[in-house]
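Number of protein chains: 2
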Amino acid sequence: MKLYGGIEAGGTKFICLVGNGPDQLVEEMRFPTTTPDETIARVVDFFAPYVNRGELVALGIASFGPVDLNQDSKTYGYITTTPKPGWNQVDLYGRIKRNLNVPVSFDTDVNAAAFGEQYWIQENQNLDPFLYMTIGTGIGVGVIVNGLPLHGLIHTEAGHFAIPHNLQRDPFQGVCPYHGDCLEGLASGPSMNKRWGQKAETLPDAHPAWDLEAEYIALALVNLIYAYSPLRIVLGGGVPEHPGLHVVVRRKVQQLINGYIQSSMVLESIDSYILPPTLGTRSGVLGAIAMAMKIEEFSLE
Amino acid sequence: MKLYGGIEAGGTKFICLVGNGPDQLVEEMRFPTTTPDETIARVVDFFAPYVNRGELVALGIASFGPVDLNQDSKTYGYITTTPKPGWNQVDLYGRIKRNLNVPVSFDTDVNAAAFGEQYWIQENQNLDPFLYMTIGTGIGVGVIVNGLPLHGLIHTEAGHFAIPHNLQRDPFQGVCPYHGDCLEGLASGPSMNKRWGQKAETLPDAHPAWDLEAEYIALALVNLIYAYSPLRIVLGGGVPEHPGLHVVVRRKVQQLINGYIQSSMVLESIDSYILPPTLGTRSGVLGAIAMAMKIEEFSLE
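Protein sequence lines, in the order shown, are assigned to chains A and B. The C-terminal residue of the first sequence carries number 301 in our numbering, and the numbering is unbroken. The C-terminal residue of the second sequence carries number 301 in our numbering, and the numbering is unbroken.
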């Protein structure tokens with residue numbers, strides 16, 4: 001039996017999965033991210049038996065970033081300028097590929113999550129552009145355009161959008177070390193923790209934090225809609241799991257667009273336009289498996 | 001001899017061109033946009049002799065918008081919700097195609113301009129994503145991603161990005177009828193005219209208008225860089241023609257990114273990263289000709 005492997009390499013935890021899709025999971029392992037040496041060794045140990053038995057035909061890696069996706073670059077497949085201690089300039093792709101000796105596809109965690117949600121969920125398969133945004137420790141955006149994940153100078157970094165910041169309503173200066181009050185600086189989980197002096201998940205429903213957060217998420221979505229004109233947006237990560245937040249965000253998106261986009265998806269069907277991930281916390285790792293399955297078509301190896 | 005036709009359908013003027021590229025122009029006509037009936041009749045009269053002689057094999061239309069680019073839609077090729085009197089819901093594509101009876105490719109003026117600059121200029125041909133932004137009467141963005149123009153729910157509307165607006169520095173409320181102080185509301189030619197009480201082109205170099213304008217253009221470019229990670233940005237339209245503006249914009253883009261994008265294009269070679277159009281005022285119409293030449297490959301007909 002042919003099997004595929006997926007790795008979601010996160011700054012906090014790694015997920016390794018062997019299988020052939022959401023309904024054909026063979027084995028999964030989740031563990032905290034430690035040093036590159038230790039973490040990569042665990043990854044290799046997990047997949048090695050499948051490779052040695054000749055079952056595992058290809059691997060996909062969905063990595064935290066920034067990463068180098070330029071296949072002509074000497075540092076292709078590296079995690080580049082991350083602030084995460086020890087992980088700066090780590091050859092994640094190369095070290096896994098050399099140790100396991102199978103074809104490996106490599107992309108950002110968020111491009112993989114977008115691809116996973118699009119590839120495995122039947123209703124999403126013809127929706128292009130297709131967008132995934134995650135809001136948690138950081139804010140990340142992945143997008144499939146014209147059949148492929150968007151790569152360029154690097155990759156999408158829309159989590160760092162410059163957005164309106166009303167200092168009278170929200171005098172907080174933001175937490176982004178590069179930009180202060182960019183989107184991630186104002187709306188990530190850590191920005192909520194710092195602004196309100198408590199963890200986001202402990203803030204009660206009636207706390208003004210949630211209306212402000214919905215406002216920033218809506219501004220981000222409006223800019224993403226204007227940029228990509230996506231046919232569907234999946235909104236994942238820990239922060240949007242707050243009960244009722246999706247509903248407020250959708251209403252604010254409509255208010256901000258104010259009739260400019262004359263599409264029934266925005267005007268009438270926004271509940272099926274902006275959605276939580278269907279694959280739950282496995283969008284990224286199942287996207288990595290899909291990338292492994294498509295490795296030749298995408299020439300992502 | 002095989003010839004191709006290009007039409008740049010603007011809200012102010014139309015450009016019609018017959019030829020095979022920037023160095024093989026056969027005939028060009030420019031005239032003011034009046035009513036749809038009169039304007040479309042002039043277009044048809046211009047191209048008809050070439051069609052009748054069997055020379056013109058295909059046409060491309062680069063249209064002002066918003067337009068319907070969904071080929072499954074009953075209003076494919078229509079100009080949709082424009083505020084331009086008389087042009088609401090005009091079947092520009094269908095009326096030209098039926099009258100001339102040749103294959104016709106249809107896209108936004110800015111997608112066509114991006115495609116034209118990429119297709120005809122040798123140094124741009126492998127640069128993907130490739131971006132074109134115009135700042136004049138309105139602000140428009142076109143982008144080629146993974147080999148094709150970006151289409152989606154509609155098309156890119158990044159001219160309406162929500163961007164930071166420092167009300168202390170700039171108390172002007174903006175001119176966008178939908179959003180007030182979105183990018184187009186704050187930085188289009190008409191917004192400059194209204195804010196300063198005189199036409200942008202009459203504002204002297206030392207006027208603070210230009211530094212503020214450069215700031216807004218830089219914020220727009222930063223968001224476009226984060227969204228698309230383009231390999232090159234062409235900045236066209238009337239406003240960026242102001243002497244010295246490009247230089248200030250590039251410096252501000254670097255300051256706003258603040259080292260976050262570790263790419264030599266941004267850090268060192270920004271003069272060849274953000275550029276004026278090589279095709280001058282013909283980016284759109286020559287893009288339309290390129291679209292006509294690629295009509296089968298793109299299935300844009």
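Honestly, the hints are just simulated from the structure, not real lab data. Given the structure is predicted, the values throughout are model-derived calculations rather than measurements. Where hints are given, some of them may not hold.
Which copy is meant is left open, because identical chains are indistinguishable; a pair holds if it fits in one copy or across any two.
[To be verified] Only pairs whose alpha carbons sit at most 25 Å apart, straight line, appear in this in silico SDA-like list of lysine to any residue:
| id | residue 1 | residue 2 |
| --- | --- | --- |
| 1 | K2 | D170 |
| 2 | K13 | D271 |
| 3 | K2 | H242 |
| 4 | K2 | R42 |
| 5 | K294 | N146 |
| 6 | K194 | N258 |
| 7 | K294 | L203 |
| 8 | K199 | D23 |
| 9 | K252 | F172 |
| 10 | K252 | Q173 |
| 11 | K294 | S264 |
| 12 | K2 | G238 |
| 13 | K84 | V247 |
| 14 | K84 | D23 |
| 15 | K84 | Q255 |
| 16 | K84 | L267 |
| 17 | K252 | M1 |
| 18 | K84 | Q254 |
| 19 | K252 | P177 |
| 20 | K252 | G174 |
| 21 | K252 | T81 |
| 22 | K252 | L167 |
| 23 | K74 | L275 |
| 24 | K294 | L148 |
| 25 | K2 | I40 |
Now for the hints, and whether the structure bears them out:
In this homomeric assembly, K2 and D170 never come within 25 Å of each other (Cα to Cα): the closest approach is 54 Å inside a single copy and 62 Å across copies. For the identical chains of this complex, K13 and D271 are neighbours neither inside a copy (31 Å) nor across copies (40 Å), given an alpha-carbon limit of 25 Å. Proximity of K2 and H242 under a CA criterion of 25 Å is satisfied in neither setting, with 39 Å inside one chain copy and 61 Å between copies. Proximity of K2 to R42 under the C-alpha cut-off of 25 Å is restricted to the intra-copy arrangement: shortest distance 22 Å within a copy versus 63 Å between copies.
Taking identical chains as interchangeable, the C-alpha atoms of K294 and N146 lie at most 25 Å apart whether they share a chain (15 Å) or sit on different chains (16 Å). Taking identical chains as interchangeable, the C-alpha atoms of K194 and N258 lie at most 25 Å apart only when they sit on different chains, with a minimum of 23 Å there against 32 Å within one chain. Taking the shortest alpha-carbon separations for K294 and L203, neither the intra-copy value of 42 Å nor the inter-copy value of 55 Å comes in at or below 25 Å. For a Cα distance limit of 25 Å, the shortest separation of K199 from D23 qualifies neither inside one copy, at 35 Å, nor across copies, at 63 Å.
Taking the shortest alpha-carbon separations for K252 and F172, both the intra-copy value of 21 Å and the inter-copy value of 24 Å come in at or below 25 Å. Proximity of K252 and Q173 under a CA criterion of 25 Å is satisfied in both settings, with 23 Å inside one chain copy and 20 Å between copies. Neither within a single protomer nor between protomers do K294 and S264 lie at most 25 Å apart by alpha-carbon distance, with minima of 33 Å and 31 Å respectively. Within a single copy, K2 and G238 get their C-alpha atoms no closer than 34 Å, and across copies no closer than 58 Å, so neither meets the 25 Å cut-off.
For a Cα distance limit of 25 Å, the shortest separation of K84 from V247 qualifies neither inside one copy, at 34 Å, nor across copies, at 35 Å. Proximity of K84 to D23 under the C-alpha cut-off of 25 Å is found in neither arrangement, the shortest distances being 34 Å within a copy and 53 Å between copies. Within a single copy, K84 and Q255 get their C-alpha atoms only as close as 38 Å, which misses the 25 Å cut-off; across copies the closest is 24 Å, which meets it. Only between protomers do K84 and L267 lie at most 25 Å apart by alpha-carbon distance; the minimum there is 23 Å, versus 41 Å within a single protomer.
Taking identical chains as interchangeable, the C-alpha atoms of K252 and M1 are never at most 25 Å apart, the minima being 49 Å within one chain and 56 Å between chains. For the identical chains of this complex, K84 and Q254 are inter-copy neighbours only, at 24 Å across copies versus 37 Å inside a copy, given an alpha-carbon limit of 25 Å. In this assembly of identical chains, K252 and P177 lie within 25 Å of each other by CA distance solely across copies; the values are 18 Å between and 28 Å within a copy. Taking the shortest alpha-carbon separations for K252 and G174, both the intra-copy value of 22 Å and the inter-copy value of 20 Å come in at or below 25 Å.
Only between protomers do K252 and T81 lie at most 25 Å apart by alpha-carbon distance; the minimum there is 22 Å, versus 34 Å within a single protomer. Taking the shortest alpha-carbon separations for K252 and L167, both the intra-copy value of 19 Å and the inter-copy value of 22 Å come in at or below 25 Å. For the homomeric pair K74 and L275, neither the shortest alpha-carbon distance inside one copy (38 Å) nor that between copies (28 Å) is at most 25 Å. In this homomeric assembly, K294 and L148 come within 25 Å of each other (Cα to Cα) both inside a single copy, at 11 Å, and across copies, at 20 Å.
With identical chains, the CA atoms of K2 and I40 are at most 25 Å apart within one copy only, with a shortest distance of 23 Å there and 59 Å across copies.
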